[in-house]
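These protein sequences, in sequence, are chains Y and E.
According to our numbering, the first sequence is numbered sequentially starting from 1.
According to our numbering, the second sequence is numbered sequentially starting from 1.
Take these hints with a grain of salt, some might be off.
As the list claims (entries may be wrong) - SDA-like cross-link-like pairs, simulated, lysine to any residue; straight-line CA separation at most 25 Å: (1) Y:K66 x E:S382; (2) Y:K223 x Y:G56; (3) Y:K28 x Y:T42; (4) Y:K81 x E:L387; (5) Y:K28 x Y:E176; (6) Y:K81 x E:R388; (7) E:K50 x E:R215; (8) E:K105 x E:A131; (9) Y:K115 x E:Q385; (10) E:K412 x E:G443; (11) Y:K115 x E:S382; (12) Y:K81 x E:A131.
Treat the hints as calculated values from the structure; they're not laboratory data.
A quick note: this is a predicted structure, and the numbers were derived from the prediction, not measured.
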Amino acid sequence: MIRITGLHKAFAGSAVLGGIDATVAEGKIVALLGASGSGKSTLLRCLNGLETFDAGTLEIAGFSLKPGAHDARTLHALRAKVGMVFQEFHLFSHLSVLDNVTLAPRIARGTARTKAEAHARELLAQVGLAERAHAMPRELSGGQKQRVAIARALAQGVAVLLLDEPTSALDPELREEVREVLRKVARGAHGASGAGLTILLVTHEHALARELADEIWTLAAGKIEGISRTP
Amino acid sequence: MQESGELGWGADLQGGEPYVYESPTQPGVIIGFEVEIADALARELGVRAKFHQNDWSNLIPSLERGDFDLALNGLEDTPARRARLRLSRPYFVYGETLAVRIGSKLHTLAALSGRRIGTLNQTVAQDLLQAQHAEVVLYEGQQEPYMDLSHGRVEGVLLDHVIADRYGCGQPGLSCVKQDLARGTYVIGMRPSDVELATRVDAALSRLIDSGELRRILEHWRLWDARQEELGGRAPAPVAAPPQAVVAATPAAPLVATKPTLSAAQLGLFVHGALLTILISLCAFGFALPFGVLLAVIRAHGGRTSRFLATAYVELFRGTPVLLQLYVLYYGLSSLIRLGPIEAAILGLGLNYAAYEAEVHRGALAALPRGQAEAASSLGLSRVQVLRHVLLPQSMRIALPALTNDFVALLKDSSLVSVITVVELTKRMTIVAVELRDWVVPGLLCAGMYFAMSFPLSRLSLWLERRYQSA
Chain Y
1 MIRITGLHKA FAGSAVLGGI DATVAEGKIV ALLGASGSGK STLLRCLNGL
51 ETFDAGTLEI AGFSLKPGAH DARTLHALRA KVGMVFQEFH LFSHLSVLDN
101 VTLAPRIARG TARTKAEAHA RELLAQVGLA ERAHAMPREL SGGQKQRVAI
151 ARALAQGVAV LLLDEPTSAL DPELREEVRE VLRKVARGAH GASGAGLTIL
201 LVTHEHALAR ELADEIWTLA AGKIEGISRT P
Chain E
1 MQESGELGWG ADLQGGEPYV YESPTQPGVI IGFEVEIADA LARELGVRAK
51 FHQNDWSNLI PSLERGDFDL ALNGLEDTPA RRARLRLSRP YFVYGETLAV
101 RIGSKLHTLA ALSGRRIGTL NQTVAQDLLQ AQHAEVVLYE GQQEPYMDLS
151 HGRVEGVLLD HVIADRYGCG QPGLSCVKQD LARGTYVIGM RPSDVELATR
201 VDAALSRLID SGELRRILEH WRLWDARQEE LGGRAPAPVA APPQAVVAAT
251 PAAPLVATKP TLSAAQLGLF VHGALLTILI SLCAFGFALP FGVLLAVIRA
301 HGGRTSRFLA TAYVELFRGT PVLLQLYVLY YGLSSLIRLG PIEAAILGLG
351 LNYAAYEAEV HRGALAALPR GQAEAASSLG LSRVQVLRHV LLPQSMRIAL
401 PALTNDFVAL LKDSSLVSVI TVVELTKRMT IVAVELRDWV VPGLLCAGMY
451 FAMSFPLSRL SLWLERRYQS A
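Work the whole structure out from these sequences, hints included.
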């Protein structure tokens with residue numbers, strides 16, 4: 001569950017988020033649309049603690065964030081439950097696909113290597129990259145990289161998945177393979193075995209938003225302009 | 001000499017008081033008892049004396065090259081020099097004086113066997129000590145051996161009484177053995193081919209001795225003592241000098257014939273020097289690399305104060321000569337930290353290179369996309385884990401070419417540590433070159449050894465770079 005109350009955020013005096021109030025119920029998928037600079041990415045980054053904010057409260061996956069600096073312990077625990085996928089993938093270029101996925105479970109959570117790798121292989125199979133486990137990131141296409149990044153974000157058994165324009169950096173012909181993975185993840189969220197994965201998807205693709213989301217929020221000038229429910 | 005009306009003479013100002021040195025009250029004016037002797041000689045010969053500054057350890061090669069006509073700077077009369085040069089009659093009698101720490105039982109030459117004893121390079125004292133199988137520590141300046149004696153780095157210092165009286169015997173905690181351990185004379189060195197000059201110099205010296213002028217000069221410098229009585233009574237040194245010259249047709253020829261060649265023992269010392277060079281370089285780099293990375297991390301991620309301190313460190317160590325840093329570390333701070341020469345060399349080079357490594361790694365860290373750190377943080381890695389597992393492994397690859405470059409530079413900079421008595425590869429080369437009167441063979445050997453050390457490293461680095469790119 002995500003609850004956003006009175007969220008304000010300014011960069012160097014100019015407001016980026018000007019009072020956001022909204023809730024995403026557990027197991028729901030929300031797509032966030034809006035022009036560039038409307039504050040979509042900033043909102044997402046606030047939810048993961050990558051940005052601090054000036055006023056309001058954020059409740060996410062059972063954690064509560066307040067304005068100002070976050071303490072390291074809260075962030076460490078929160079990020080075990082909140083996964084994030086970036087527009088530019090940000091795979092660790094010195095690590096293999098498998099090591100990219102197992103790094104956080106092993107290092108940040110102390111999971112044994114064999115257990116972490118077994119889980120990582122399951123996830124890689126889900127995103128269709130079981131055979132590329134030992135490839136290096138530079139050997140992958142953009143679409144493949146983003147699929148690895150999705151597997152990496154899910155590897156800690158998260159309750160919330162934040163996706164920041166996951167298809168925007170890709171050539172059009174590579175987008176479909178990522179969309180296909182997103183559909184699969186979304187079905188998991190909606191399905192009986194999905195254990196209620198909550199998803200916030202920032203995108204410019206209206207069709208994808210309508211296809212996947214339960215709700216579509218439209219952001220403009222740092223405020224939610226409208227919320228529409230998809231059938 | 002005649003054509004120019006000048007008598008060129010070479011000496012090293014670093015030899016200091018009372019030989020030849022810059023006047024402390026009138027900068028640029030050169031004084032000393034040897035300056036007065038050179039002037040008196042020139043007067044006798046009807047020319048002007050012209051001083052040439054020359055590093056003492058290379059005084060003889062420079063004389064042979066023709067940079068000046070006389071080597072006049074505490075040059076001791078030895079069989080080796082006699083075989084190589086034309087030597088004048090003596091102008092000074094010195095006693096080898098042993099300085100020890102008060103309470104030491106070392107009083108004789110024989111007792112020095114196996115002991116760590118300091119002296120200056122290319123002196124009679126060095127030969128005497130080596131003949132006794134003492135562990136000889138060689139210095140470039142005359143103050144440093146006594147400092148090291150006070151600090152316990154050597155057990156004794158054997159040097160001419162002129163140096164011992166001025167720099168050693170009066171130091172707190174030190175005392176000098178009353179008896180001279182050996183006696184010898186200072187002579188003027190000339191090229192073997194300068195037969196006529198040698199005759200005239202000897203005649204001039206004899207006139208200075210007979211007229212009492214030499215005594216007056218030595219008294220002025222408070223150098224006249226009972227030892228100098230030997231000067232007057234002593235017959236002029238055999239000016240025909242090199243014994244080989246007697247059988248040779250021309251004075252120059254025998255020198256070629258008797259030129260010593262590189263011996264197996266010298267080759268062994270070369271290898272030892274090379275091993276020392278690689279040891280010092282590896283240890284210094286092994287210190288500089290992690291320390292430099294730490295400094296880079298502090299500069300990139302530290303708080304205000306620690307960032308300031310790290311920046312100040314880098315600027316200080318990068319902005320001052322490493323030679324100065326070595327001197328300060330080994331001599332300047334010796335009352336605070338007592339380091340052996342090799343430890344000081346490793347630490348000094350390590351501290352200096354850490355500043356360079358810090359900059360290399362700061363640049364490499366800054367070159368990484370910001371998303372790498374954000375992605376790692378978003379996964380729940382702590383700041384230290386982000387650095388350790390994500391940023392540093394990648395920045396290290398970016399830094400690799402610069403690291404190799406720095407290590408090769410360090411390998412060569414390690415020759416600077418000879419100023420703190422370490423006889424590494426380059427120092428060994430200069431010692432052998434002076435002994436052999438040949439810079440070509442030892443020089444090529446030395447260059448070959450540096451190359452043999454640095455080239456595999458460059459290959460290794462290239463291989464690593466390629467491995468990181470493919471794999």
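Each hint, compared with the structure:
{"no.": "1", "hint": "Y:K66 x E:S382", "result": "20 Å, holds"}
{"no.": "2", "hint": "Y:K223 x Y:G56", "result": "14 Å, holds"}
{"no.": "3", "hint": "Y:K28 x Y:T42", "result": "21 Å, holds"}
{"no.": "4", "hint": "Y:K81 x E:L387", "result": "22 Å, holds"}
{"no.": "5", "hint": "Y:K28 x Y:E176", "result": "22 Å, holds"}
{"no.": "6", "hint": "Y:K81 x E:R388", "result": "23 Å, holds"}
{"no.": "7", "hint": "E:K50 x E:R215", "result": "23 Å, holds"}
{"no.": "8", "hint": "E:K105 x E:A131", "result": "20 Å, holds"}
{"no.": "9", "hint": "Y:K115 x E:Q385", "result": "20 Å, holds"}
{"no.": "10", "hint": "E:K412 x E:G443", "result": "14 Å, holds"}
{"no.": "11", "hint": "Y:K115 x E:S382", "result": "22 Å, holds"}
{"no.": "12", "hint": "Y:K81 x E:A131", "result": "78 Å, violated"}
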